[in-house]
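Participant: Chains as they are written, first to last, in the numbering used here: chain W, 1 to 164; chain X, 165 to 335.
Quick caveat, the hints were computed from the structure, so don't treat them as lab data.
Check before you lean on any hint, since a few could be wrong.
Rough simulated footprint, nothing fancy, chain W against chain X, three-plus residues with beta-carbon under 8 Å [stated by the list, open to error]:
hint: 1; segment: 248–254
hint: 2; segment: 262–269
hint: 3; segment: 295–309
hint: 4; segment: 318–328
In this text the structure is predicted, and so the values were computed from the model without any measurement.
For glycine and all other residues, C-beta sits at the position ideal for the given N, C-alpha and C.
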Amino acid sequence: MNKIIAFSTVALGIGLAWPDPAIAQTAKDLVGTWTNVANVNIRQDGTRVNVFGPNGKGLAIFDSNGRFAIVNVNPDTPKFAANNRAQGTPTENKAAMEGGIALFGTYTVGPDKGITMKVEGSTYPNWTGTEQKRTVVSFTGDELKWTLPASIGGTAEVTWKRIK
Amino acid sequence: MNRRSVLTKSVPIVLAAALLPSSVVAQQKSIKDQLVGTWIFVSAQDVKPDGSKVDPWGPNPKGAAMYDANGRFTFMIMRSDLPKFASNNRGQATGEEGKAVAQGMIAFYGTYTVNESDKTVTTRIEGSSYPNLIGAEQKRVITSLTADELRYTNPTTSTGTKAEAVWRRAK
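Please take these sequences and the hints and turn them into a complete structure.
Facilitator: Right under this line is the structure:
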């Protein structure tokens, strides 16, 4: 009986002390470099679209001092015919805007395990200076999935894999 | 006997002397080690063929570059006066909004390597807000690197000029 009680106490102790591995506990869990696995836009009617096309890709870096940067792109965006970034046609400029987003700033992880990003600068001007909340849907240490209100309306569901 | 004790005593000294140079070297960090971290954009000027300089990024530009220890990086610069999209939707820029933003920002990421002897950083761009840079390889020549400041020249920018850039380390 004593043994059973002792065992249960130990088990309970471990249970209490062991963090839920499925959810990011602290900002420390995010530190590192992540490659984009998926960037899905969930429209209001529930349909799912790859925001940056079938080959969308990106990189996110979270440093240990609370700074982050994210770049996501559609690699199939047409190149500018003039081969000069300042000489895009209206169609090329629009496609480039639709075909990528980048942002940087500072981040914190709150008690609710959500990630708050203070966006200091973004290639999408409406995001510059905003504070954004990303809800962590799943976290396994090496894979991270969050959702946020998308920059094109609807909900964005973004999946990252840690680069080792 | 005396000789043996001298020998015995001298072994640690020789060992210490052998170890000394590496500890001195360790204190002189490589360019790569100094580059790793987060840098905040200060300024970049285009240098025209005639030597005149133009600031394409306007007052108080924004930007960050992050170099990780494993050779990956992100890089972005943007003007601070870019117009917000009236539609509040990234996919619905007007012609003027799209033009201003496409001309007023750049972002890319990929892998980088440092050549310690000629003080250059080569970036291999995997993704970029400017599609022509995807798959490109760029070289930057470091002209000054301290604990807090990084200066380099970019011999070929995405607008076809040479540029001189200044960054400060994020605190």
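Participant: So is the segment 295–309 of chain X in contact with chain W by the C-beta rule, three or more residues under 8 Å, or is the coverage claim wrong?
Facilitator: holds (count 3)
Participant: Closer than 8 Å, Cβ to Cβ, for at least three residues: run that test on the segment 248–254 of chain X against chain W and report holds or violated.
Facilitator: Per the Cβ count (5), the hint holds.
Participant: Okay, the segment 318–328 of chain X and chain W, do three or more residues pass the C-beta test at under 8 Å?
Facilitator: holds (count 3)
Participant: Can you take a look at whether the segment 262–269 of chain X is actually covered by chain W? Rule is 3+ residues, C-beta closer than 8 Å.
Facilitator: holds (count 6)
No hint from the list above goes unmet by this structure.
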